[in-house]
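Start from chain A and add chain B according to the hints.
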Amino acid sequence: EPEVTQTPSHQVTQMGQEVILRCVPISNHLYFYWYRQILGQKVEFLVSFYNNEISEKSEIFDDQFSVERPDGSNFTLKIRSTKLEDSAMYFCASSVFLGYEQYFGPGTRLTVT
Amino acid sequence: AQSVTQLDSQVPVFEEAPVELRCNYSSSVSVYLFWYVQYPNQGLQLLLKYLSGSTLVESINGFEAEFNKSQTSFHLRKPSVHISDTAEYFCAVMPVGATNKLIFGTGTLLAVQP
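First to last, the sequence lines map onto chains A and B. Those letters in the first sequence? Residues 57 to 169, per this note's numbering, in order. Those letters in the second sequence? Residues 787 to 900, per this note's numbering, in order.
By construction, these hints were calculated from the structure, which means they are not laboratory data. Misleading hints may appear alongside valid ones.
[Claimed, not checked] Examples of chain A residues lying across from chain B (beta carbon under 10 Å, computed):
| id | residue |
| --- | --- |
| 1 | Phe121 |
| 2 | Pro126 |
| 3 | Met145 |
| 4 | Ala149 |
| 5 | Tyr159 |
Heads up, the beta-carbon is just placed ideally off N, CA and C, and yes, glycines get one too.
Bound-form chain A, shown alone (with noise of 0.2 Å):
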């Protein structure tokens, strides 16, 4: 069965400094998603890309994020300058159409120091 991947399972990172976090959508879907958890709280919406472009965002996703399909196959979610506040589990998703259901990855679990 087709999944969402995600890499690293965990990053560890200071504060300040870039990360790039990584995801292989499933092969068919055309709508990817970024959603992030933090410790403890409720799983937040970011961002949805579609078409090579941002289709919507949260307030959350602000000029230090920004994402980006490289190429065919992964997607992936830049947070220029991490702080503390940015660690989270951040999970990819995608869908096949609007409206459809979501397909989780397993999460990149960051940790800023």
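Chain B only, in chain A's frame:
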């Protein structure tokens, strides 16, 4: 705006007992409804969904949920739980139409005891 309320942060239950995990939502537009499960140290897995049609939906592992529009609820039930059902369960909604954004509740930890 939409919101999802899961009033129970934790539900302890004995093995083979029935369980209900509550989910209520608020929305001014129609929504799709989802239950996701997160097993320890794993990602989110789709458990079941309501998009349209029959208001009672079932999963392959014995869970069911019923969409109640008048009560704006989508409670999750299982008649007999197993130890392996121990996990965090998240209810989520997606407004129909212009967005693909999932809005999650705070989650309910189902703790099944022998």
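Quiz item: Any CB of chain B closer than 10 Å to the CB of A/Met145?
Solution: holds (9 Å)
Quiz item: Close enough to count: is the Cβ of A/Phe121 nearer than 10 Å to one in chain B?
Solution: Violated. Min distance 16 Å.
Exercise. Hold the hint about A/Pro126 up to the distance rule: shortest CB distance to chain B must be less than 10 Å.
Key: Interface hint status for A/Pro126: violated (22 Å vs cutoff 10 Å).
Quiz prompt | A/Tyr159 as an interface hint toward chain B, with CB separation required under 10 Å | solution = holds (7 Å)
Self-check item: chain B contact restraint for A/Ala149 - C-beta distance below 10 Å
Solution: Holds, about 8 Å.
Against the hints set out earlier in the document, violations occur for numbers 1 and 2.
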